[in-house]
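Engineer: Sequence:
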Amino acid sequence: MELIYHGKTKDIYQNDQNSIVLKFKDDLTGSDGEFDPGANQIGLSIDGMGKLNLKLTSYFFDLLNKAGIPTHFIESNVSENAMTVKKAEVFGQGIEVITRFKATGSFIRRYGSYIEDGSTLKDYFEITLKDDDREDPLITKAGILALNIMSENQYQTLVELNHNIAYIIKEELEKYDLDLYDIKLEFGYIKDSNDIILIDEISGGNMRVYKENHILGPVELAQIFVSI
Numbered sequence: 353m354e355l356i357y358h359g360k361t362k363d364i365y366q367n368d369q370n371s372i373v374l375k376f377k378d379d380l381t382g383s384d385g386e387f388d389p390g391a392n393q394i395g396l397s398i399d400g401m402g403k404l405n406l407k408l409t410s411y412f413f414d415l416l417n418k419a420g421i422p423t424h425f426i427e428s429n430v431s432e433n434a435m436t437v438k439k440a441e442v443f444g445q446g447i448e449v450i451t452r453f454k455a456t457g458s459f460i461r462r463y464g465s466y467i468e469d470g471s472t473l474k475d476y477f478e479i480t481l482k483d484d485d486r487e488d489p490l491i492t493k494a495g496i497l498a499l500n501i502m503s504e505n506q507y508q509t510l511v512e513l514n515h516n517i518a519y520i521i522k523e524e525l526e527k528y529d530l531d532l533y534d535i536k537l538e539f540g541y542i543k544d545s546n547d548i549i550l551i552d553e554i555s556g557g558n559m560r561v562y563k564e565n566h567i568l569g570p571v572e573l574a575q576i577f578v579s580i
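According to our numbering, the sequence shown is numbered sequentially starting from 353.
The calculated SDA-like cross-link candidates involving lysine to any residue, where the alpha carbons are at most 20 angstroms apart (straight line), are:
hint : residue 1 : residue 2
1    : Lys522    : Glu538
2    : Lys439    : Asp414
3    : Lys493    : Asp475
4    : Lys474    : Asp531
5    : Lys377    : Asp363
6    : Lys522    : Asp475
7    : Lys360    : Asp399
8    : Lys536    : Gly457
9    : Lys522    : Leu415
10   : Lys563    : Phe387
11   : Lys360    : Asp378
Hints in this document: simulated from the structure, not taken from any laboratory. On a predicted model such as this, the values are computed, not experimentally measured, just so you know.
Given these sequences and hints, build the entire structure.
Structural biologist: This is the structure we're talking about:
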């Protein structure tokens with residue numbers, strides 16, 4: 353297979369005309385050896401993390417597919433740390449949606465004079481542009497429309513789809529007494545149909561999850577579901 357993109361936590365290969373293969377690495381985002389799902393650089397590497405993230409991602413994509421949620425997931429090959437997915441286009445140079453159920457992380461760094469860390473947020477989400485050089489800037493609906501990143505109908509579909517996915521994942525975590533503080537999801541669309549779908553991964557690398565007021569590291573979180 354031809355390598356088409358060398359990423360921080362995954363490499364992307366061309367599989368055939370309509371699908372690509374994501375190969376998960378053991379690297380995690382963060383700084384100074386500490387994991388941070390919101391960071392834009394590799395902060396540490398954990399042996400076996402790629403396989404654990406693939407297993408957890410496969411678990412959640414299978415859950416979403418059964419719920420009728422459109423995703424890019426086709427199948428996983430755990431022995432090769434690989435996931436085959438539908439080929440999708442991104443909006444602009446890529447967008448991410450962060451759904452925040454509790455105020456923490458960068459939200460507190462920005463708005464900490466208005467709200468306490470850990471406070472509950474209701475139906476709050478933020479959209480960022482994927483741009484490492486500009487530290488993934490936040491963008492409003494007006495900005496998205498002004499820059500022609502997506503249409504108003506696409507934006508509304510994205511918001512509704514993200515809301516449904518975030519709550520499905522939150523409710524699944526609650527079955528294991530886990531509290532989802534925030535989750536970052538990435539979306540794209542199928543070129544021929546323009547259908548908006550969930551892409552990338554769903555793992556400990558893009559969410560903050562607590563159990564009894566203790567934040568779970570990505571290994572701890574994945575092992576809960578791998579053992580099911």
